[in-house]
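K.L.:
So the chains spell out like this:
Protein chains: 2
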Amino acid sequence: MSQEVEFFFDFGSPYTYLAVTQLGRLTEKTGAEIKWKPFLLGAVFKGSGNQSPAAVRPKIMHLMVDLQRWVKLYGVSFKMPSAFPINTITALRMALAAAEKDSVARFSGRVFRAYWEENTDISKDEILVGLAADEGLDGEALLARTKDQEIKDQLKANTDDAIKRGAFGAPTFFVGKEMFWGNDRLTMLERHLLGK
Amino acid sequence: MSQEVEFFFDFGSPYTYLAVTQLGRLTEKTGAEIKWKPFLLGAVFKGSGNQSPAAVRPKIMHLMVDLQRWVKLYGVSFKMPSAFPINTITALRMALAAAEKDSVARFSGRVFRAYWEENTDISKDEILVGLAADEGLDGEALLARTKDQEIKDQLKANTDDAIKRGAFGAPTFFVGKEMFWGNDRLTMLERHLLGK
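Just so you know, the sequences run in chain order D and E. All residue numbers for the first sequence refer to the numbering used here, where the first residue is 1 and numbers rise by one. All residue numbers for the second sequence refer to the numbering used here, where the first residue is 1001 and numbers rise by one.
No wet-lab data here; the hints were simulated from the structure. Please note that the accuracy of each hint is not assured.
Just so you have them, the derived chain D footprint on chain E, three or more residues with Cβ under 8 Å [unchecked claim]:
no., stretch
1, 1016–1030
2, 1056–1066
Pairs of lysine to any residue, SDA-like flavour, derived with a Cα cap of 20 Å [stated by the list, open to error]:
no., chain 1, residue 1, chain 2, residue 2
3, E, 1059, D, 113
4, E, 1072, D, 63
5, E, 1059, D, 65
6, D, 164, D, 178
7, D, 79, E, 1043
8, D, 177, E, 1166
9, E, 1046, D, 196
10, D, 196, E, 1166
11, D, 46, E, 1054
12, D, 59, E, 1076
13, D, 59, E, 1072
14, D, 196, E, 1177
15, E, 1059, D, 63
16, E, 1177, D, 64
17, E, 1177, D, 65
18, D, 46, E, 1015
Model, not experiment: these values are computed from the prediction. The beta carbon of each residue, even a glycine, is placed where N, CA and C say it ideally should be.
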């Protein structure tokens, strides 16, 4: 039986985008299954008492340099979005709606690329509908579902669950009770999955 | 000509200890020279507007787990000291005095091991004198030198210099203007030194 990796994400996190570009390699190497779990990173910072790295000026300056090093190492495309930070709540709710159609990875992967590679404003309903359509999904239906209390509650529940289990940033991965935080801990996660 | 890596350190940082265990491998692989530069991490947090990870409860909880993963990966010895955090100012000043005798790496390496492997109270003068003696150094002379304004000023100057150049935590490495932060960026530093 393949191991399950819970992957808590918010589209607004650049290191989460970087991690997303490596998930295919991770699952190939380990046979693990990724369970995509949208959460609200802002609420995670607040709930855990942590602060966004963007709150500390020298940290954000260095983060920009560090991101480019990872982009080079991974050989991926990356463009700092003009709208940053951005409101991701509708996109995250649509990801939950997509999960009901077994399409959360496809939809979310598309949104990550749109924001972090194509400088797309992912706070806008019509943009999100179009991104869903790119993946052959009914974007209008997903958007409609974001108005339902059930989906709103799910996003809050994911966020609260992550905080309760020790999360304080993103990306956050869980394998059972074992937590891994950060794109830079993907190799640790991989080692764990391989029983090293 | 070999490249110089400025290595800003404070004995009180566990991730800096971890990095220290890998410096031999780094210099072997890259031919770089490490210039050990003691600084006061507490002042760096304050001066940069950053906060110690120890200030955020879920972060410190996770840090303990993460440290053990690195200990396993590196195959090094590690024991969380009973006195933590600890006052490192005399030890750092002695490291500066040791630098005048071209012995900063030897003295500092011994202090890192004493604190992070042997649960030694490195805030105490007599302990520090003994650790210097372990390395064949005149500990009393190094300790006497810590009372001199010149050494006190040097520690402050190193700290201010690091903050001015963008440091906000430890360990911090510089190769010219390129900054690398964290034990977990040693591979990035290595790639940079190898021109990758």
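K.L.:
Evaluate each hint against the coordinates.
P.N.:
Going through the hints against the structure:
no. : hint            : in the structure
1   : 1016–1030       : violated (count 0)
2   : 1056–1066       : holds (count 8)
3   : E:1059 to D:113 : violated (29 Å)
4   : E:1072 to D:63  : violated (27 Å)
5   : E:1059 to D:65  : violated (24 Å)
6   : D:164 to D:178  : holds (13 Å)
7   : D:79 to E:1043  : violated (34 Å)
8   : D:177 to E:1166 : violated (36 Å)
9   : E:1046 to D:196 : violated (38 Å)
10  : D:196 to E:1166 : violated (36 Å)
11  : D:46 to E:1054  : holds (16 Å)
12  : D:59 to E:1076  : violated (29 Å)
13  : D:59 to E:1072  : violated (28 Å)
14  : D:196 to E:1177 : violated (37 Å)
15  : E:1059 to D:63  : holds (19 Å)
16  : E:1177 to D:64  : holds (14 Å)
17  : E:1177 to D:65  : holds (11 Å)
18  : D:46 to E:1015  : violated (26 Å)
Consistency note: the structure conflicts with the earlier hints numbered 1, 3, 4, 5, 7, 8, 9, 10, 12, 13, 14 and 18.
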